[in-house]
Amino acid sequence: MADNRNPTVGLSGPEESPQAAVHEDQAPTDAAQMQPKDAIGRATATERVPNSSEQFGFWLRPGLMINPFDIVGAKQGLDDSMTYGLVTNIRHSTDAPSHLSNFIANDFGELIEEPNTPRQGTNVAEVSVLANTADTYMPIQNEGLVWFADEDGIHTGLGIDTMKRKEQDRGVPICVPAGLIRMSNGTEAIAYLDKEYVLGPEGAHVNISGISGLATKTSYIMFLIQSILQTMDRQVDGRQDRVRSSDVAVVLVNVKYNDLLAIDEEPEGVLPP
Amino acid sequence: MNPFAALHPALAALSDGPKVLPATGQAQEFLQRFDLDEQYDRMRTSDEKIVNDIAETPSNSIYVETPPLPRTEEHVFQWFVDGSVKTYFLGTLVEHERNTPVLLGQIGAAAVKREDDGRIHAPSGHARRKLILLLNKSQISPGVWDRTKAVLRDSSGRLALELVDTNDDSPNPTGGKEPRSRAAHRDNWQMRLEEKDLLADLLSEHDRTGAWIAIDGGIGKEFKVQTFDRGFVGVIKNFSKEQIFQLASRGRTVQLSLFDLLAKLQVSHRTAAFVRGEGHVAFWYIRIREQRHLEYPLMGVLKIEFPNPHRGLVDTETITHLSRALVAERSVSPHGKDPRWHAHLYPIYQAEQVIKNGFFSDETLRAGVKWPSLAAAR
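Protein chains in written order, with this note's numbering: chain A, 1 to 273; chain B, 1001 to 1378.
One chain only, chain B, in its complex shape (with noise of 0.2 angstroms):
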């Protein structure tokens, strides 16, 4: 049975009436090169690079040292949340003079809890994953778009469908001009509000039991409402290498780049936490790697963020007590099977893998989406 067969009614909706120009070879898996984390962590302070303040209490320095906190003697993050995208261009549809790229995004989101003992598991309903046809909605004609809506809410089946307008940019205006890339990059944005959803569910187990969540990437404003003013941090495997520190030391201002800060800062240490967007978001930046095992300094360095929701000076003592958790994390590491291994934390990297291994292989998208021939045979 074709898995997406509940996506053949809507894929031939949209071609009742506008022109397919198929993807050549059909679905093709639509690489994007450049790398996410950087990227998003360069839009989240694009109107921050400068940062003046050291914004934590009591301490004032600008290292300090995180020894590591090992699970067997205090278990602090035992839920690790990550989310995956996988974007596959279907074709372009024309109508009149008007056309948009029609995209297929497989998302998802789940949770890996650890155990006291260390074993990982996924645990039932701590998973999401979705499939989302994404098309410019002001490119076709409006009845279009809602009889291909229709079909979709009444497609019944194991998968959840959705249909996006790329150019509905009101939640992330940061996609660019590019439709393909706009497109994608709504895609990652419906990937993170999985994530979102999935987080909310896990901050009442954070409320109950005191474990902390580590999620992969940085805190948007996504997560700048009181729902998530706790219990998690935000681990940023590769971050903006824009952001310029100017700190008082001494009766005198210190402009240091980030290369300079991070050059200094020794295994097992911290930054000083700084804030960002207001003050609402707190962050630091972990060294959980020796440089001399490593081919460049920023390698091997992690930035965390906080919600800071009170918007005041974050605690020494709880941010290097997560701090000392996270350097305990670097053991052990997915050396050899990401690129990123050097700052990715392994149970992050096994949540990842459990949406990935959910996801339909690229043989299975091909064989499935034609399109329009499916649709149209139907």
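Same shape as in the complex, but just chain A (with noise of 0.2 angstroms):
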């Protein structure tokens, strides 16, 4: 697999922009160029647990280590065509039967003693599939090979590799840089949202949950609202949109405390980390 690790995105100026990363080449990963010696697992399939047009299992590979949350590429035996998927939940589960096997396997609670032989066991990851190369939703077939996204794969997989396409398209920047995700494997992609579902016409509004109190969820908007601004600058093939930063207002309603009215001011001495 190619390195897929990308700088972190830069804000403080169009020139820092992640230019360079919209714009390259995201023909989708082919099932074919991904090599067995790098698959993680393999697909699974059993008679209480099938795989479904939404989503899959798989075995993982002894001794690595996965996370709800990093997307791999599964291929699809069918057609060669990678379904790609976010990795919800990972459960372990070996031969025993019950609790009370394993306490009996081992010498009726003998805690002294290691086990000579190891139970048989796996990890087995459940996936949601996100999307497929060649829009093929038939289920993963048992076996199938299941590899780490790349970054390119992480794009197709959420859906970034055709605001892409639609912004070579159209000439006008769409893809606004949303944060970076980096999965188990160290691999990085940066993650984008398509400008007209955050400002319109498709939509005009982005949720963003997580805990209180840990000016998270605050510094987040600020850095969206930077990277909003700094993406309606950026060029497209030497083009601009007609709208640009500066004809940009933006409005902060704040609802608590009085905190943000002061957003435009210098701090006073260094912000607690």
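Some hints could be false.
Computed cross-link-like contacts, EDC-like style, restricted to lysine to aspartate or glutamate with a CA-CA straight-line distance of at most 20 angstroms [to be verified]:
{"no.": "1", "chain 1": "B", "residue 1": "1337", "chain 2": "A", "residue 2": "95"}
{"no.": "2", "chain 1": "B", "residue 1": "1130", "chain 2": "B", "residue 2": "1162"}
{"no.": "3", "chain 1": "B", "residue 1": "1356", "chain 2": "A", "residue 2": "47"}
{"no.": "4", "chain 1": "B", "residue 1": "1356", "chain 2": "A", "residue 2": "95"}
{"no.": "5", "chain 1": "B", "residue 1": "1113", "chain 2": "A", "residue 2": "114"}
{"no.": "6", "chain 1": "B", "residue 1": "1224", "chain 2": "B", "residue 2": "1201"}
{"no.": "7", "chain 1": "B", "residue 1": "1241", "chain 2": "B", "residue 2": "1295"}
{"no.": "8", "chain 1": "B", "residue 1": "1130", "chain 2": "B", "residue 2": "1165"}
{"no.": "9", "chain 1": "B", "residue 1": "1113", "chain 2": "A", "residue 2": "95"}
{"no.": "10", "chain 1": "A", "residue 1": "164", "chain 2": "A", "residue 2": "188"}
{"no.": "11", "chain 1": "A", "residue 1": "166", "chain 2": "A", "residue 2": "233"}
{"no.": "12", "chain 1": "A", "residue 1": "164", "chain 2": "A", "residue 2": "233"}
{"no.": "13", "chain 1": "B", "residue 1": "1337", "chain 2": "A", "residue 2": "47"}
{"no.": "14", "chain 1": "B", "residue 1": "1356", "chain 2": "A", "residue 2": "143"}
{"no.": "15", "chain 1": "B", "residue 1": "1224", "chain 2": "B", "residue 2": "1037"}
{"no.": "16", "chain 1": "B", "residue 1": "1224", "chain 2": "B", "residue 2": "1047"}
Hints are computed from structural coordinates only; laboratory data are not their basis.
Two chains, two frames, a set of hints: combine them into the complex.
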């Protein structure tokens, strides 16, 4: 797999905008290009837990670690396309039919002896299907190879590839950098929002949820506003949108305390971490 | 695609002439209700029910302590071999006044390797799988037999196919009279040959690395050749209870039944070694689980058989060492998965799973082998 690490998005000025990342060739990764040796597991479909158009499971190669929210790609065996999905849960199961069997198998609760043969077990990840490179939504077939998604794969899974195509077709900035996705294997990919869904005409809002009191949601709003303003000034193939950041006024409606009323002022001293 | 397509020409050849009385509801699994381990051990020891001497040196104790020797301390047993068989009754072939049941056997043998860190895996090339057609050759005309054999030989495909005469019990004449039982017994024998073939390959691993091999079941006369004179033990989960031990003790002879012998066998101990088969096999018993946890004194005991090609006394240190390593195999166990869990070694259970998981399911076999209808439709 290619080196998927991208520089963190810089937002201090248009010259540091992630233009290069947006304009690179985003041909979907073909399953034939993926190497079996790099696979992290194989799809598994059983009598009780079948795969479907919406979800699939895969067992994980021993010793590997993944986490919920990692994005993986599975080979769609029927047409060699790739199906991308989001890991939603990971379960560990063994051939022990009951907890009592595990107790008895350890010499009736004997804790001193290390099992001579560790019980056979596997980690099985549950994956929600996000997208397929050929719009094939047949279930992932049993034994289909599964890889960590690379940056292109993450973008395909999240529909960012269509945003990029739209941007190229129209010659105006569409992709608003919205953050960085970092997966368990170190792969990083910039997450973009579609400007037409953030500012209109398709939609006009972003929902941000999180824990109260950590100044994270507010900080993210500030980041996103800055990102939107920079995106408006970004050039696509030498062309710019007719609406520039200088044409936009940002209105903040404060609903609690007075912190945000001084958001345009320099802080006094160093901000607490 | 029907996975049994390669078998259909042979079934068609069989029914070309003789009448076929199909099994009701198509292929039926032929259930062998008795415990095969015990039955075969009883057959192997039938001529030597009375054991007279301890056959090890220098120890002459009836019981020897064998504290567990875990893998983390010394990794003695690294390969585990098991075979499995599933037999289906397809129907009865009737030719004039003669008839023979026709059975289909799925047989296989597999070895799993345990790494030093405890992980086990089934290396490629260490599994055998075969489909065999079993019938009594003397009950059909030579032409039908030869045609069937030729068709099977020519059948290409992923499956290894074989035609076996159930009347030929020369390798192991213990099949009994009932034709279906004879066929099932022959099926087991073919499976044993697969295990033997696999073991022969693994012994080169033993010679190269010193890793010991544990094979499920006793050491029959099929292993009474020079190839199998080292490097492995047979592990019997359920053994004959008929043996009597007449042992000299302080100038007098003590007679012990197997129950007497094993009732006093403490956990992590073995009995003395004895020999059978004109001395070419040494055997002893090991208790791997405490009696207080189990329902019956003979539970939690393994019978171990060990090749003894020189027919002399076996070395106490060697068999104690092996016994200690086998005691350590008690954790983990296949409790809840196999009724013989108390005497079943988990890696051998895993080898069995490797084979069974490779077998066609009953549903697939019933759908894929409809005899004579599918064969006739060709």
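request  = Could you work out which earlier hints the structure fails to respect and list their numbers in ascending sequence?
outcome  = Of the numbered hints, all hold.
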